[in-house]
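A.B. asks: Protein sequences, first through last, are from chains V and H. All you need for the working numbering is the position in the first sequence, starting with 1, plus 49. All you need for the working numbering is the position in the second sequence, starting with 1, plus 49.
Simulated from the structure, these hints should not be mistaken for lab results. All of these numbers come straight from a predicted model, not from anything done at the bench. What you were told as hints is all true, and nothing was included just to trick you.
Copies of the same chain are indistinguishable here, so a pair counts whether it falls within one copy or spans any two.
Subject to a maximum C-alpha distance of 20 Å in a straight line, what follows is the list of computed EDC-like cross-link-like pairs (lysine to aspartate or glutamate):
#, residue 1, residue 2
1, Lys274, Glu352
2, Lys456, Asp58
3, Lys574, Asp518
4, Lys370, Glu404
5, Lys119, Asp58
Number of protein chains: 2
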Amino acid sequence: MTNPRTIYDTDLDRTPANHTPLSPLDFLRRAAQVHPRRTAVVHGAQRYDWATAYRRCRQLASALQRRGLKRGDTVAVMAPNIPPLFEAHYGVPMAGAVLNALNTRLDAATIAFILEHGETKLVIVDREYAPVVKSALSQIKRAIQVVDIDDPEGPRGDPIGSLDYEALLAEGDPDFDWQMPGDEWDAISLNYTSGTTGNPKGVVYHHRGAYLNALGNVLTGSLPKHLSYLWTLPMFHCNGWCYPWTVTALAGTHVCLRRVEAKAIFDAIEAHGVTHFCAAPIILNMLINAPAGVARQLPRTVEVMTAASAPPATVLERIEKMGFHVTHVYGLTEVYGPSVVCEWHAEWDAKPSSEQAALKARQGVRYPVLEGLMVADPQTLAPLPADGQTIGEVFMRGNIVMKGYLKNPKATREALQGGWFHTGDLGVTHPDGYIELKDRSKDIIISGGENISTIEIEGVLYRHPAVLDAAVVARPDEKWGETPCAFVTLKDGTTATEAEIIAFCRDNMAHYKAPKTVVFGPLPKTSTGKIQKYVLRDQAKAL
Amino acid sequence: MTNPRTIYDTDLDRTPANHTPLSPLDFLRRAAQVHPRRTAVVHGAQRYDWATAYRRCRQLASALQRRGLKRGDTVAVMAPNIPPLFEAHYGVPMAGAVLNALNTRLDAATIAFILEHGETKLVIVDREYAPVVKSALSQIKRAIQVVDIDDPEGPRGDPIGSLDYEALLAEGDPDFDWQMPGDEWDAISLNYTSGTTGNPKGVVYHHRGAYLNALGNVLTGSLPKHLSYLWTLPMFHCNGWCYPWTVTALAGTHVCLRRVEAKAIFDAIEAHGVTHFCAAPIILNMLINAPAGVARQLPRTVEVMTAASAPPATVLERIEKMGFHVTHVYGLTEVYGPSVVCEWHAEWDAKPSSEQAALKARQGVRYPVLEGLMVADPQTLAPLPADGQTIGEVFMRGNIVMKGYLKNPKATREALQGGWFHTGDLGVTHPDGYIELKDRSKDIIISGGENISTIEIEGVLYRHPAVLDAAVVARPDEKWGETPCAFVTLKDGTTATEAEIIAFCRDNMAHYKAPKTVVFGPLPKTSTGKIQKYVLRDQAKAL
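Kindly produce the complete structure, drawing on both the sequences and the hints.
C.D. replies: Have a look at this one:
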């Protein structure tokens with residue numbers, strides 16, 4: 050189609066008056082301008098307001114520039130959800146640099162790989178992780194500036210650098226005249242995928258996407274101004290699903306949480322009027338199974354966004370009875386965290402609670418800021434029928450899809466091929482347009498030529514009264530090709546045999562889908578609480 | 050500053066997978082996908098859902114293209130707040146065309162000027178305005194396609210074209226494969242300023258700004274999903290402050306209102322569960338002064354955004370007692386309607402109600418989507434002290450500043466000079482950063498070398514128990530240069546003399562600021578409820 054110039058294209062150009070790069074950095078400036086005395090951050094006995102938050106972030110940005118950090122340099126942070134990691138979400142990009150929040154459960158070799166691959170110039174390390182980062186640095190030839198955080202709520206220990214975080218801030222100008230990014234497509238952060246096989250890939254976020262998904266969370270959650278947000282979800286996980294920016298846009302309060310434990314969560318809800326948090330289903334499980342005296346009925350409804358894996362219906366039912374209200378979202382590192390939401394319909398309230406939970410376990414519909422979502426044929430990208438049956442790959446497109454993988458044009462090209470982001474997740478579209486994940490491509494079990502969804506089997510296992518945690522993988526089989534193999538952790542004080550578990554599954558699903566093997570014991574997990582299926586697959590192979 | 054290429058600028062380009070033009074048109078598509086059966090529009094006995102809304106807008110877009118409308122063509126609509134005007138906010142830009150919603154109070158000559166200047170190709174006219182549009186069209190040489198709306202809630206009358214609006218829709222494909230704009234900088238609408246002097250100017254909005262201010266309203270008002278929004282504010286006024294897009298982004302309900310009358314408003318609140326509306330202070334006044342039997346206590350709090358002029362403290366106090374909760378915003382046509390908000394602080398709740406009202410009468414702080422707001426020297430653009438005293442011009446910058454004025458590069462250049470939009474409004478910045486308007490440049494009175502704010506005098510006049518409406522302008526004076534001249538409308542059944550009014554003012558403000566003249570009678574108003582001060586200035590001159 051030709052696009053001839055019209056009267057609306059003439060003498061109506063972008064100027065500094067009417068065009069500004071979109072960036073979440075402006076949220077901090079506005080919170081400080083409008084609500085300088087409102088509490089921005091709570092951490093143990095510490096508590097500071099938005100004027101202070103802004104001053105500290107400007108100091109950080111200024112100090113980083115004075116130490117030679119430039120546009121496009123990488124600054125890594127290895128810390129739990131404490132104020133310096135929150136401040137890095139602003140101070141680092143305000144210096145023009147790019148934030149790489151490191152997964153705190155990584156081993157030294159992986160950290161060394163990431164610091165090398167990201168060409169990190171400076172790393173900020175919490176005392177608790179000093180040993181592993183020290184070991185990682187010893188594997189790197191080049192010198193990297195090291196800043197130590199001495200968190201009053203954290204453990205003691207020796208610094209590994211020569212500069213303390215507070216001393217670094219003291220080097221910076223609290224009135225630093227930082228600049229917005231020159232282009233909203235500029236990188237704001239770098240997040241390495243956990244990568245169950247091979248080296249992790251560096252997902253690059255830009256200012257535009259961070260701004261938009263920050264607002265996407267507001268629209269999706271109907272988040273109010275001045276919410277009190279508890280930091281259960283790691284900030285290193287997709288930049289805390291963009292909540293360091295979302296909560297700031299609303300001039301809310303960031304309630305830090307160094308250690309994610311049931312008691313600490315219940316205490317914070319009571320002490321700091323927490324209204325919202327995000328958490329993997331594993332955390333919901335932890336709250337449900339908290340010992341008497343720790344678990345308690347909530348003083349008011351607390352809104353929870355959960356994702357990472359489909360929460361089993363029983364978990365959803367039980368957590369809501371305690372006073373939590375759960376919104377189920379779905380996303381990936383490549384789409385700034387959550388990008389799909391199981392948006393609720395008022396008429397579903399009238400359905401039986403098990404049916405409600407089944408509806409809520411679906412992944413749902415696109416965020417308002419994700420312009421495209423479909424289940425399609427992985428080869429042709431042709432959308433598949435919305436029949437709730439036909440399994441295809443989940444594809445996404447829009448402004449909250451990553452810039453790409455750092456220094457990996459081949460992987461970027463493959464991931465974004467055909468104008469869609471290839472999630473690698475398998476799912477179906479229901480007749481109402483809601484998608485439901487059936488499995489990761491590599492998690493599906495093909496037994497006797499039939500596809501079996503491991504998620505479906507896990508859903509049944511979680512309904513067994515003795516099951517605390519469950520994961521299913523393929524076990525190689527001469528006759529069937531593969532058969533389902535279940536790994537199960539039982540609740541304290543309960544017992545169950547392999548035969549009982551298998552019988553329970555056969556009673557509750559098609560017989561061919563029931564596990565042929567059940568292994569009892571604790572499950573290996575990634576740092577973000579995802580079960581490491583590749584470990585289980587190896588175990589299943591070795592059986 | 051040089052900007053060398055970094056690792057983050059390499060092989061990480063925009064692709065169709067990760068970059069989509071921002072446009073509010075996507076909100077409609079999503080509302081129809083996710084909430085097809087939810088009520089989208091209510092109008093009298095009519096009521097239709099989001100699936101229907103989307104189908105009708107696609108039909109409109111398709112029919113417009115079939116009738117030859119192309120990208121950048123202008124489609125004008127002359128109608129009150131009824132479904133076809135709402136539909137035009139989507140159907141017209143979905144065809145690539147630009148929507149020009151006409152002020153329904155305009156005279157034929159002005160309409161003719163606008164249709165000529167905007168090079169309108171097609172005009173859609175409600176039966177009530179057929180005579181004035183017919184007269185306007187008779188003054189235009191070229192042929193313009195005319196579509197008549199036959200609103201069942203409107204008056205009878207003869208069509209002036211040969212095509213009915215519903216017949217036009219019937220020509221269109223309900224599954225029309227419309228396209229998002231090629232560029233988010235493309236024009237979405239054209240809004241002529243009311244222009245108290247000279248020809249009106251055509252303010253051009255783009256998709257990016259419309260998208261962002263739609264979300265700005267959500268953030269500013271903490272608007273929830275599925276709100277029920279009453280259409281008191283004309284959609285022709287800055288595209289209804291972007292609410293045709295805001296309410297759709299939240300899959301709320303648009304409750305139409307053909308005639309803005311107190312009874313109709315109270316009835317709609319009751320019948321349709323209205324939660325939100327926007328209105329000029331004049332409407333709030335109308336609700337306060339509604340006769341017994343019409344006015345009633347609200348069943349629940351209704352949120353109101355008000356602007357257009359600073360609401361007098363007494364109006365604010367009285368409307369809130371009825372159950373309305375008022376948020377005061379400020380903006381201009383050039384910034385997509387509201388762009389500044391008097392954001393409330395919880396600690397203000399403890400202040401006496403008169404002080405609260407005075408705080409709320411201030412215009413406030415920038416919207417989160419407006420990146421810059423300042424009171425500055427009109428010549429140098431240097432910001433002025435935040436002392437609540439120093440009067441300067443209000444300047445704005447950011448993504449919700451217009452593209453510019455259509456076919457008027459000189460006015461565009463002047464308005465956006467120096468990287469800021471020049472509002473022409475005068476104000477001060479308070480120590481807390483909140484701005485307060487003191488006057489339009491041309492409204493300030495200079496008496497004996499002292500600047501006198503007409504807004505301040507009006508604020509005092511509104512506190513007089515007999516005053517319904519008040520406006521103050523300069524009256525030429527040999528001795529003083531100018532003196533304040535008040536025009537006052539008294540409430541039914543009350544009386545007051547000129548001497549009493551002047552004495553009341555002298556008791557409540559600096560004597561030199563009190564009016565020297567008081568004229569009683571109705572006040573001339575623009576179609577949007579603004580008092581036409583230029584008419585009063587002429588009257589004052591002739592006294």
